[in-house]
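Visitor: Chains Y and C are the protein sequences, given in the same order. Anchor point for the first sequence: position 159 equals 198 in our numbering, and the numbering is continuous, going up by one each time. Anchor point for the second sequence: position 62 equals 164 in our numbering, and the numbering is continuous, going up by one each time.
Think of the hints as simulated: they come from the structure by calculation, not from any bench. Even glycine gets a Cβ: it sits at the ideal position worked out from N, Cα and C. It is possible that some hints are incorrect.
[As the list claims (entries may be wrong)] Over 10 Å on every C-beta distance to chain C, these chain Y residues come out as not near it, computed from the model: (1) R46; (2) R75; (3) S178.
[Stated by the list, open to error] DSBU-like cross-link-like pairs, simulated, lysine-lysine; straight-line CA separation at most 30 Å: (4) C:K265 / Y:K82; (5) Y:K80 / Y:K223; (6) Y:K176 / Y:K223; (7) C:K204 / Y:K180.
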Amino acid sequence: MDTKTIRNSLKLFTVFFRIGVFTFGGGYAMIPYIQREIVDKNKWIESEEIIDIFAIVQSVPGVIAVNSSTFVGYRVAGLAGAVAATLGVVLPSYIIIAVIAIFLYNFKDYPFVNEAFRGIQAGVAALMCHAVYRLGKSSVKNAYGLVLALAAFLALTVFGASAILVLLTAGVLGLVAMAVRSIKTRDKKGR
Amino acid sequence: MQVLMELFLTFAKIGLFTIGGGYAMIPLITQEITRRNWLTLEGVIDIIAISEMTPGPFAINSATFIGVQQMGLVGGAAATLGVIAPSFIIVVLVARYFARVKDHPVVQSILSGLRPAVIGLIASSAFMIVQNALFPDATGNWLQGINWRSIAVFAIALLAIMKLKIHPALMIIISAALGVLFFLWL
Numbered sequence: 040m041d042t043k044t045i046r047n048s049l050k051l052f053t054v055f056f057r058i059g060v061f062t063f064g065g066g067y068a069m070i071p072y073i074q075r076e077i078v079d080k081n082k083w084i085e086s087e088e089i090i091d092i093f094a095i096v097q098s099v100p101g102v103i104a105v106n107s108s109t110f111v112g113y114r115v116a117g118l119a120g121a122v123a124a125t126l127g128v129v130l131p132s133y134i135i136i137a138v139i140a141i142f143l144y145n146f147k148d149y150p151f152v153n154e155a156f157r158g159i160q161a162g163v164a165a166l167m168c169h170a171v172y173r174l175g176k177s178s179v180k181n182a183y184g185l186v187l188a189l190a191a192f193l194a195l196t197v198f199g200a201s202a203i204l205v206l207l208t209a210g211v212l213g214l215v216a217m218a219v220r221s222i223k224t225r226d227k228k229g230r
Numbered sequence: 103m104q105v106l107m108e109l110f111l112t113f114a115k116i117g118l119f120t121i122g123g124g125y126a127m128i129p130l131i132t133q134e135i136t137r138r139n140w141l142t143l144e145g146v147i148d149i150i151a152i153s154e155m156t157p158g159p160f161a162i163n164s165a166t167f168i169g170v171q172q173m174g175l176v177g178g179a180a181a182t183l184g185v186i187a188p189s190f191i192i193v194v195l196v197a198r199y200f201a202r203v204k205d206h207p208v209v210q211s212i213l214s215g216l217r218p219a220v221i222g223l224i225a226s227s228a229f230m231i232v233q234n235a236l237f238p239d240a241t242g243n244w245l246q247g248i249n250w251r252s253i254a255v256f257a258i259a260l261l262a263i264m265k266l267k268i269h270p271a272l273m274i275i276i277s278a279a280l281g282v283l284f285f286l287w288l
């Protein structure tokens, strides 16, 4: 292992440890942090590839937050990076849950925990809205993309479709769009 | 040692069959851990509540919780590593392969369909989080279910992120503080 790999892995561990501390509200809620730390600050990965990663990790077993950490870690610093990012993102919840399991089983009955959590939920809601806006700008580039995004949103929100089914359909639609395009260009050349 | 093995293997199995994330796997986890008498159904519901109030996903949290209760910190580590081991191996393989194929035209065309769809999925998750945070008691009549304190926190947070570009982590700490303050003052 060269020093650059070790340095990047250590950095990945601390970055994903922080992400692990503040990721309330499921896998997607970590997107604002990844955007800030991985894309903007360290410029390890481009914004568009983050979307690709989230598309891929949902199609394999595991938890989205952990899978995307593993993937990002691997892309940045290989196997060592994957281990560093995965342990980093899991360690905070391990510590928190271990403390709760040993000392304060009924911590949800403590005063203020509920109110603080209400506040956190509202803060996460704001973060998510901002992330959708920013990512949408970089990944939805034409009317076709907008229709696809809207359709996926409605399929999940209104009809309760499974995310994997939505992704499969979108992948097939992408293939069909390419086939249609290549037939069109062939027709033009043929004339 | 035998219990450690069992913790690791049971949660590795849960990890392997968790597809789609979130609450999709609650039935699987419940089945596996109640069958072994590691936890009652009420215990599982407690872990769901704890997972909602702490960072970290339910699958990981239940592994840690049960592992620690069965065999202390070492048991917690065995169960937690177990639940992430299968997906870790799979994701590393996919990530390695993906680097080689990602510029292929077929892969690019599939991704061109996936990208907008993922935005839709993220938007859907954002919608549910917003709904749950701002209209927690909404049943039919949305106006009655509005939580004005949460709306205030939401507005302050959104403004802070867009105008001041403050760090998301700082935002969470401020939101928690605002939640407590508004409860005391309003």
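Visitor: Hint check: K80 (chain Y) vs K223 (chain Y), CA-CA at most 30 Å. Holds or violated?
Guide: violated (42 Å)
Visitor: Grab the minimum beta-carbon distance between R46 (chain Y) and chain C and tell me whether it stays above 10 Å.
Guide: holds (20 Å)
Visitor: Next pair to validate is K265 (chain C) with K82 (chain Y); report whether the Cα-Cα distance is within 30 Å.
Guide: Measuring from Cα to Cα gives roughly 22 Å; hence the hint holds.
Visitor: Compare the distance between the alpha carbons of K204 (chain C) and K180 (chain Y) with 30 Å, and conclude whether the hinted pair is satisfied.
Guide: holds (19 Å)
Visitor: Taking the shortest Cβ-to-Cβ distance between R75 (chain Y) and chain C, state whether it exceeds 10 Å.
Guide: Check fails; 6 Å does not lie beyond 10 Å.
Visitor: Quick check for students: does the CB of S178 (chain Y) sit more than 10 Å from each CB in chain C?
Guide: It is violated; S178 (chain Y) is separated from chain C by about 4 Å at its closest Cβ, not greater than 10 Å.
Visitor: Does the structure keep K176 (chain Y) and K223 (chain Y) at a Cα separation of 30 Å or less?
Guide: Holds. K176 (chain Y) to K223 (chain Y) sits at ~28 Å (cutoff 30 Å).
When held up to the earlier numbered hints, the structure conflicts with 2, 3, 5 and fits the remainder.
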